[in-house]
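Q: Which chain is which? The protein sequence lines are D and B, in order.
1 is the number of the first residue of the first sequence in the UniProt record's numbering; add one for each residue after it.
1 is the number of the first residue of the second sequence in the UniProt record's numbering; add one for each residue after it.
Read the hints as simulated data drawn from the structure, not as lab findings.
Keep in mind that this is a model prediction, so the values were computed, not measured.
Hints are not guaranteed to be accurate.
[What the hints assert, rightly or not] Here are the simulated EDC-like pairs of lysine to aspartate or glutamate, each with C-alpha atoms no more than 16 Å apart in a straight line:
| no. | chain 1 | residue 1 | chain 2 | residue 2 |
| --- | --- | --- | --- | --- |
| 1 | B | LYS78 | D | ASP232 |
| 2 | D | LYS185 | D | ASP232 |
| 3 | D | LYS97 | B | GLU135 |
| 4 | B | LYS78 | D | GLU13 |
| 5 | D | LYS407 | B | ASP213 |
| 6 | D | LYS407 | B | ASP207 |
| 7 | D | LYS85 | B | GLU400 |
| 8 | D | LYS111 | B | GLU3 |
| 9 | D | LYS391 | B | ASP213 |
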Amino acid sequence: MPEITSVVDTLDERKPYIELKQANKSGELACDSTSVAGSMSQRACVYSGARVALNPVTDAVHLVHGPIGCASYTWDIRGSLSSDKETFRTSFSTDMKELDVIFGGEKKLSKSIDELVELYNPPVIFVYSTCIVGIIGDDLEAVCKEATERVGIPVIPVKSEGFKGTKSDGYKAACHALMQLIGTKEPEITSEYRINILGDYNVAGDIWLVKPLFEKMGIQVITSMTGDATADSISKAHGAQLNLVQCSGSMTYLAKWMMKEYGIPFRRVSYFGIEDIAIALRTTAEFFGSEEMMNIAEEIIEQETNRIMPEIKKIRSRLEGKTAAIYMGGAAKALTLIKGFRELGMEVVIIGTQTGKRDDYKEISYQVKDGTVIVDDANPLELAGLLINQKADLMVAGVKERFLAYKLGISFCDFNHDRTVEFEGYDGFLNFARELDTSVNTPVWKYVGSKIEGAYSEGSRADCEAEEKTKASNKITGERNMQKIDPITLHQEPVA
Amino acid sequence: MSERNYTTVNPCIMCQPIGSVMAFKGIEDSMVLLHGSQGCSTYMRLHLAHHFREPVDIGSSSLSEKGAVYGGSENLKKGLKNLILRYDPKVIGVSTTCLAETIGDDISRIISEFIEEEGIGDERIIIPVPTPSYEESHNSGYIKAVEAIVKTFTLNDSKKEIFNNKLNVVLSENISPEDTRELKHVFDSIVGQNSYILLPDISETFDAPMTGDLHKIPLGGTTHSDIADMKNSAATIGLGITNDNKAVNYLEQTFDIPSQNLPLPIGLEYTDRVLAALSNISGVEIPDEFQKERGRLIDAMVDSHKYVYGTKVAIYGDPNNVLGMLSLALENGMHPILVVASSKSPRFAEQAMERVKQVKPDCDVTILEDVDFDTFNDAVKKAKPQMLIGNSNGKYIAKEMNIPLIRFGFPIHDRVGAQRLLTLGYKGAMRMLDRITNTILEVEDTELAAKWSEPESYVPLSESSFHSAEA
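All chains, full assembly: derive it from the sequences and hints.
A: Below you can see the structure in the form of structure tokens.
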């Protein structure tokens, strides 16, 4: 039975999802269920899960089958970068209207696919289904199957009806779509060591700070999913001997499938923070069992750490002892952030995720110190209460949480789609440290909640007089006369 | 791209429910609950937070598969209950999404049941607004919500019927919080501080001062007593002329309140029109303050005319905002070569054409509505404007064409200050004109810089000469 906490004021139904870590009490946090209606969850829907996981495929046409809103709100919001085509940043929708809802949208979808093939000539089309498609019963699979035969490129359905589960189910839908592509082309092998980078979305160009490290170690990176991936590279993913999974919430499902289907094992890694990058490189070298590779890895780790350490140390001296709150979409990022904060001398006091699973929370609970609050599927009021109660100095989360933190006078760091600097790799960690330095140490926070000092107000006059009396008994200063000028007399001065 | 018939590429519109949310955000102590899947409310919160840079809370009934099959009544009731427990709003707007509409949930009935089951009295008002996402756009969602709000409040409070001699002012399209503040200043000064009722009022709710306190529901918004009092007013002004302002029509038809619809006061002449109407309705001369402001605007127009005259611009966005900006451009001798409204409205094209004929009859202008950005892109390539004026979503086209984009309207998610953008009134026109002119000057500077060689007198002194100066 989880510890029912009164850590923060919330609905009774939400209490099992919030836990205060205490010694000798290993509570089990409730998680992995649909959000409570009216609780103001920060989560999105199945479609959103599929969209964030799949959308970075750069040269694909991502066609949203549904009314316009779903495409409108997700147009180019991912922050992923491409080294080649930018088709994925265009928003495509069948823009279903009332008549399509009544008579079905299959025909419109087919014609839409034909039209897009002709206009954009993409290597693949992903067709996302939205809530309404699941209700009116459009047979997406049949339409896509027919289209594939007709147009000669894979047209892949992404079964992401918004209401059919949670964001995690959307990740699975995206993985299923990727499975249709993997193994359809033969990879060009250039090295005896080959990996895929899974669960990295190349936000702000993250992958470009990571891939070169592996290449230096003599490894061929066949594809990265899905950041900066092309349909072509995904098709050849089965040529790898190892899958490195970073965002485990979204891509473990695919990694497991590749293990079963192609016998490719996977390792969970992170490219964030000095310790975790080192672990990632060593794990990979260890896997391939090459001493030469391990030596290069050690060389990289030493050189790069030494390179960034002076500045990191300088920044750490300014961040030491500050407290952090983490609220992330997935657990993998939350976990690696705990270490990252530690490396910068900061303590985590709140940690939560939208989609964490039982094992994730166990691991999180193991990693954080007593007194830390762990929360699943939090909402704004809970987060606000926790930020105040736990005295957080900084929050790291996404856009929706940003302004909540600001209103409370708490600094904020975006570790989601909206950031424009890399946080992965060695230079990425330096960027992260610099951003925290800016966020925490800007002078603006001291003005939040401040008042104009020294101004006259009705209330302050009485206070002032009382203060005067006490002051007078202690010490009489020349300034006293100045303060005694009655503001009323000033108002009575003749007005021209 | 070439001819498309089936696919919408880069949409100019959002769906109806977000319009409803924007309207309710201008009502005191109110919240919106969307009846649909969890994603809808989250996406809209994200979209609005990007623009207004404020926390935006929107409830969701979090419909699941079970709810979709057996009806969402249970979810909606639970959502309402929890929303009340946590936020305790006096007004709750319930808007539908495509999912709720398609499974055929009757939200009015569910809400009535809820009110009865929970014993909710007059102290709380729940307003259903059906806004299926597959119909129309965010603009119609806004109008529908404002109408529903007025209807509910004027019905609920049917006892008080005392003529209040006030003026109703009802918006039919979203404007910025700063614009709302400017409007209120104009009405305060001409009609009198307590002599008008502005609906909706997002001046505080979407742009709250930073105090270090977080309010569950942002303070501000049109007060409930004011909305209930709208039926006792002497007259109504609808702001926005391209759409039917349903709330205005309702007030006129039900309570015999004479009304007139006026354009959003953007640019000199539209502001003149609104101020003249206010002055006539209230029987008050236009205060000196505005006469002076107007004079300064004309001064600004004279200062700018050489730079802006003939500049080819493409203006796009929501219909009433675009119409106002078209008017401003024409008055300043610019050449609005392409004018595009995001959604279809009954009188946009006609009003835009009329304005062109009034000011610059020989102006060759293309007017489009209800198109996506891909179509707009084609039109831009054909018309070759020198500048775009519209929301952030035009940035791709501006970049490709290598022309400046003056950000205006909704959404602006890639620059700060959208909530503080002032476009309305003489002051707004001045700000806008200065921005346009300075952007042109900036471009000219860059072009000139490329032609200039460094004048000899500006060649920096050599390092040694600095040292000698020191010595």
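Q: Which numbered hints are broken by the structure, listed smallest first?
A: Violated hint (a single one): 1; every other hint is consistent with the structure.
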